[in-house]
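At position 51 of the sequence shown the residue is numbered 50 (numbering that gives the first Met the number 0), and the sequence of numbers has no breaks.
Worth flagging that the hints you see were computed from the coordinates, not collected in a lab.
Check the hints yourself; a few may be wrong.
[Said to hold, decoys possible] Between beta-carbon pairs, the in silico distance windows are:
#, residue 1, residue 2, range
1, T63, E20, 30 to 36 Å
2, G6, L57, 38 to 44 Å
3, L1, T63, 35 to 41 Å
4, M0, H25, 33 to 39 Å
[As the list claims (entries may be wrong)] In silico DSS-like links for lysine-lysine, alpha-carbon gap of 30 Å or less:
#, residue 1, residue 2
5, K29, K19
6, K88, K19
7, K88, K29
Where is the CB? At the ideal position from N, CA and C, for every residue including glycine.
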Amino acid sequence: MLGLIIGLSIIMWYVIDRFKELWEGHSYGKFITVGVSAVLAFGLSFGFGLDLVFAMDLFEVSSTGGIILTALVLMSGSSAVSEIIGRIKGGEKAEG
0 MLGLIIGLSI
10 IMWYVIDRFK
20 ELWEGHSYGK
30 FITVGVSAVL
40 AFGLSFGFGL
50 DLVFAMDLFE
60 VSSTGGIILT
70 ALVLMSGSSA
80 VSEIIGRIKG
90 GEKAEG
């Protein structure tokens with residue numbers, strides 16, 4: 000399952016990077032990227048039942064929490080999501 004998660008993440012971000020130029024020039028383009036990545040990440044996670052916690056053999060059954068965590072991990076390639084994670088950790092502003 001880890002291979003599937005990695006493969007779908009690569010494909011998802013390839014697709015987003017191809018379409019990103021459509022909204023990149025807008026002042027709110029970063030938020031569109033977050034929205035698109037959220038829709039795709041949650042769609043892929045729930046559609047394929049991807050659970051990172053289950054894939055790492057930490058639990059014996061797949062859970063909704065694990066699927067949501069997987070979607071958030073898939074979304075983390077977005078620069079805005081990276082900024083949010085950096086601020087939660089207490090780091091400096093991420094450049095994007």
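Evaluated hints:
1. T63 with E20: 30 to 36 Å: holds (35 Å)
2. G6 with L57: 38 to 44 Å: For L57 against G6, whose Cβ atoms are near 21 Å apart, the range 38 to 44 Å is violated.
3. L1 with T63: 35 to 41 Å: Taking Cβ atoms as reference, L1 and T63 lie about 19 Å apart, which means the hint is violated.
4. M0 with H25: 33 to 39 Å: Holds, at about 36 Å.
5. K29 with K19: Holds, because 9 Å separates the two Cα atoms, which is no more than 30 Å.
6. K88 with K19: holds (27 Å)
7. K88 with K29: Holds. K88 to K29 sits at ~21 Å (cutoff 30 Å).
In the structure shown, a violation is registered for the earlier hints numbered 2 and 3, in ascending order.
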